[in-house]
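Colleague: Below are the chains, spelled out letter by letter.
There are 2 protein chains.
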Amino acid sequence: MHVIWYTAMSMDGRIAGPDDDLSFLSHIKGDEEDAGSEFASFMSSIDGVIIGGSTMRWLLAHGESLPASGKPVWLVTRSSSLAAQVSALATDETPVHVVSGPLDPVVTAIADSGCSRLWVCGGGDVAGQLLAIDRIDEVVLTVAPVALGSGPALFDGGSLPDHEFTLQECRPYGNSARLVWVRSR
Amino acid sequence: MHVIWYTAMSMDGRIAGPDDDLSFLSHIKGDEEDAGSEFASFMSSIDGVIIGGSTMRWLLAHGESLPASGKPVWLVTRSSSLAAQVSALATDETPVHVVSGPLDPVVTAIADSGCSRLWVCGGGDVAGQLLAIDRIDEVVLTVAPVALGSGPALFDGGSLPDHEFTLQECRPYGNSARLVWVRSR
Chain W
1 MHVIWYTAMS MDGRIAGPDD DLSFLSHIKG DEEDAGSEFA SFMSSIDGVI
51 IGGSTMRWLL AHGESLPASG KPVWLVTRSS SLAAQVSALA TDETPVHVVS
101 GPLDPVVTAI ADSGCSRLWV CGGGDVAGQL LAIDRIDEVV LTVAPVALGS
151 GPALFDGGSL PDHEFTLQEC RPYGNSARLV WVRSR
Chain X
1 MHVIWYTAMS MDGRIAGPDD DLSFLSHIKG DEEDAGSEFA SFMSSIDGVI
51 IGGSTMRWLL AHGESLPASG KPVWLVTRSS SLAAQVSALA TDETPVHVVS
101 GPLDPVVTAI ADSGCSRLWV CGGGDVAGQL LAIDRIDEVV LTVAPVALGS
151 GPALFDGGSL PDHEFTLQEC RPYGNSARLV WVRSR
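So the protein sequences, as listed, match chains W and X. Going letter by letter, the first sequence gives residues 1 to 185 in the numbering used here. Going letter by letter, the second sequence gives residues 1 to 185 in the numbering used here.
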């Protein structure tokens, strides 16, 4: 199973400002059409989503529902109220699995369920936990042309082991930068 | 005066690991000759250096002296012992100015001294303070192919105002990425 952390970050490596403020995203001005079709193409390429509690709460607070309609969701949370709230959104096409604890057996179970491309929807803590167990295969970044100075980082997780990545893509993307890093195996 | 934050960071935006550990730099494998001549060319282009206390302490602890021989240094510190230690290294060619407090008048004084290109040698806190007063004109980054998960960020400084930058350069640099951001005026 190929695990992809696809997200946007500020030029100083943050995926949100203080209090999960995502307003920095408004500075990203790419080719709107290209961005839309590229994200749609990425979404059609994945067959599962893993998401942390904070990111899920942000989606709900902003009137969004599950991150990807028609794709199974693994929600990482210990909160029974959040679990209940999100489970109520599940459908036959978009089942919700609530998980917690170490992510190693979780990722194995996701792979065993038949998922071949898993999107890490957020946040930096889930991504950090996955990197710590070397289960991040690809990082697709849109780097916004602003700095935030504080807020959660792309990877948050204490000191991570030095896993090296290979730079697969590095190009301007509208007024932003597109970097794609693939885990060197 | 043009102020340039020229540094390396991890793919998650950190300029050091925990305890100012810079071992992530060993993952950067560019064209050594190119890197050497490029840095030399950058160094010959600047006529002053500003450096924070932590970065200066790191240099001293690792057997280094002042960051740039032949260029005046402005050391931002409130520590009288560090100030004395670094001032003792000053020469006629490499004078040391110890400064503290708000950086706005400091930057004005540096410009008034005749400096036209100032290198921000580190760290993220000095860079964050400079960005907060909109005195960062250019950010030259080598992005290393590893994530750190913790450690000081490229800009550390609470919530910074949304100053937008223009992407001037975005290209592979050996196994790393080179990003150059110039402040949009």
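It should be emphasised that the hints constitute simulated quantities derived from the structure, not laboratory data. Since we're looking at a predicted model, the values are computed, not measured. Don't take every hint at face value.
Intra- or inter-copy, both count: the list cannot distinguish identical chains.
[Stated by the list, open to error] Here are the simulated SDA-like cross-link-like pairs (lysine to any residue), alpha carbons at most 25 Å apart as the crow flies:
| id | residue 1 | residue 2 |
| --- | --- | --- |
| 1 | LYS71 | SER159 |
| 2 | LYS29 | ARG183 |
| 3 | LYS29 | VAL96 |
| 4 | LYS29 | GLU164 |
Colleague: If a hint holds in the structure, say so; if it doesn't, say that too.
Modeller: Comparing the hints with the structure gives:
no. : hint             : result
1   : LYS71 <-> SER159 : neither (32 Å within a copy, 36 Å between copies)
2   : LYS29 <-> ARG183 : between (28 Å within a copy, 16 Å between copies)
3   : LYS29 <-> VAL96  : neither (33 Å within a copy, 43 Å between copies)
4   : LYS29 <-> GLU164 : between (30 Å within a copy, 11 Å between copies)
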